[in-house]
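A.B. asks: So the chains spell out like this:
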Amino acid sequence: MSATKTAADPRNRAGNLYVYGVTWAGRGSARGQGVGDTRVGLLEHGELAAIVSPVGRGPLRAKRRDLLRHSDVLQHAFAHAPVLPLRFGTVLGSDDAVVDDLLAARHEELVSLLQRFERTSELRLRANFVERAVLAEIVQEDKQVARLREAMRTASDADPRRIQLGEAVAGALNAMRAAAADEIVASLAQHAIDMRIEEPHDALEVVRASFLVENRKVRGLERAAEALAARHQRITFDLVGPMPPHSFVSLTPQQRG
Amino acid sequence: MAIATHGTASNYLQRAPSPSGLADVIDLILDKGLVIDAYVRIAVIGIELITIDARIVIASVDTYLRFAEAVNRLDLTQTEAAGLAELRDGGSDNKSKGMLEGAKKAFSSDNDDEPSSKPSKKD
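From first to last, the protein sequence lines stand for chains H and F.
For the first sequence, the residue numbers in our numbering are 1 to 257.
For the second sequence, the residue numbers in our numbering are 1 to 123.
Hints in this document: simulated from the structure, not taken from any laboratory.
There's no promise every hint is true.
[Unchecked claim] Here's a subset of chain H near chain F, in silico, CB distances under 10 Å, partners left out:
no., residue
1, His70
2, Ala105
3, His107
4, Met152
5, Arg161
6, Leu165
7, Ala181
8, Val185
9, Ser187
10, Ala189
11, His191
[What the hints assert, rightly or not] Pair by pair, the computed Cβ-Cβ distance ranges are:
no., chain 1, residue 1, chain 2, residue 2, range
12, H, Gln140, F, Pro17, 52 to 62 Å
13, H, Ser156, F, Asp75, 19 to 29 Å
14, F, Val61, H, Arg39, 52 to 62 Å
15, F, Asn72, H, Arg119, 44 to 54 Å
16, H, Ile197, F, Asn72, 18 to 28 Å
17, F, Val61, H, Asn215, 21 to 31 Å
18, H, Ala189, F, Asp75, 36 to 46 Å
19, H, Ala175, F, Asp31, 42 to 52 Å
Cβ coordinates follow ideal geometry from the N, Cα and C atoms, glycine included.
Kindly produce the complete structure, drawing on both the sequences and the hints.
C.D. replies: The structure is reproduced here in structure tokens:
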């Protein structure tokens, strides 16, 4: 490809390339070691640059460290320009394949995605009940739970009321979760362009969600999260970002021509 | 990676500017990002270990029994005396996690190449 300029190791022209993401040509930044302990570089075509590093021919044996590298490379690039993250584990057969199958093949669509995500960031929030505090609150405020719990002090392990007790606790927890989750999401949504709410991963999880936020509104969302944390004494809040829009990017499916 | 906790002791917001540990990264990037058609050879081996679905089926007898056990174990006088302050600065994550979170912790405890525990909150 005559229009291709590469900062990746030229000796690797025919080898497999791990692709981290796509950014603007001329604004991209790549540095350090990537997946497979090789140097990260940029492969440019037209208005776009792929962030890549060479990997071996065989199947990629990804380690936990590689996941962190994938994330670090994208965070670094994102500090300089908008980045469209690719799914972890994306490998193409050569420099030419990166251009032909990605940068050239989807040029228009990738350009419009980069434009859309210009000056935006993903922030991810996880909120979890503090187990002991929330259970204590349920025991103190739910009469049925308190009564069953008292009865279980002297009951046998096989007493069927144990299940009743657990069910009552789960019910109370679910009600508290629903109310808190609604409030948290509504409060943060005011600062966001878009959001993705995920199903809770465990019994104590209140919210696991990503918010797409204009960069100038990041501080506003942070303040809202701080206010929520101050108000909800029995919930811990964990806010990560700004990051590239991992949860918000997608391409329209396209048949191989 | 810097983790700052904003505000006073009455707040409880952990703030990280970027994913700072394996759990964050798994949560954030696995199954996310652009997928580019059939051209791509996604040939990743060895990640199965960390994609265990730790989801708990909340409406099950097992879960109910765990809840029952958790509230029975609860020492309310201790909770009252200790107050929220103690719950909050309750040392490392590991210590403050109770039984309900067991499943979630399981997958991050078998790191194969580097530890990823997040710095615990100070003060």
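A.B. asks: Taking the hints in turn, state whether each one holds.
C.D. replies: Now the hints, each set against the structure:
A least Cβ separation of about 6 Å between H/His70 and chain F falls short of the 10 Å threshold, and the interface hint therefore holds. Taken as an interface hint, H/Ala105 checks out: its beta carbon lies about 8 Å from the nearest beta carbon of chain F, inside 10 Å. A cut of 10 Å between beta carbons decides the hint on H/His107: the least distance to chain F is about 13 Å, and the hint is violated. Hint on H/Met152 holds. Least Cβ distance to chain F is approximately 6 Å, under the 10 Å limit.
Here the hint on H/Arg161 is kept, as its CB sits about 9 Å from the closest CB of chain F, short of 10 Å. Among the interface hints, the one on H/Leu165 holds; its C-beta lies about 4 Å from the nearest C-beta in chain F, closer than the 10 Å criterion. For H/Ala181, the suggested interface contact is broken, since its CB lies about 14 Å from the closest CB of chain F, more than 10 Å. Proximity of H/Val185 to chain F is violated relative to the hint, the smallest CB-CB distance being about 16 Å (cut-off 10 Å).
Taken as an interface hint, H/Ser187 does not check out: its beta carbon lies about 13 Å from the nearest beta carbon of chain F, beyond 10 Å. A hinted interface residue such as H/Ala189 counts as satisfied when its beta carbon comes closer than 10 Å to some beta carbon of chain F; here the least separation is about 18 Å, so the hint is violated. Taken as an interface hint, H/His191 does not check out: its beta carbon lies about 15 Å from the nearest beta carbon of chain F, beyond 10 Å. Judged by the Cβ atoms, the range 52 to 62 Å given for H/Gln140 and F/Pro17 is violated: they are separated by roughly 38 Å.
Our hint of 19 to 29 Å for H/Ser156 and F/Asp75 holds, since their Cβ atoms are close to 22 Å apart. For the hinted restraint 52 to 62 Å between F/Val61 and H/Arg39, the CB-CB distance of approximately 54 Å keeps it satisfied. In this structure, F/Asn72 and H/Arg119 meet the distance hint of 44 to 54 Å, their C-beta atoms being roughly 53 Å apart. In this structure the supplied range 18 to 28 Å is violated for H/Ile197 paired with F/Asn72, their Cβ-Cβ distance being about 33 Å.
Between F/Val61 and H/Asn215 the Cβ separation comes to about 48 Å, which falls outside the hinted range of 21 to 31 Å. Between H/Ala189 and F/Asp75 the beta carbon distance is about 39 Å. The supplied range of 36 to 46 Å therefore holds. Checked against the hint of 42 to 52 Å, the pair H/Ala175 and F/Asp31 fails, with Cβ atoms roughly 30 Å apart.
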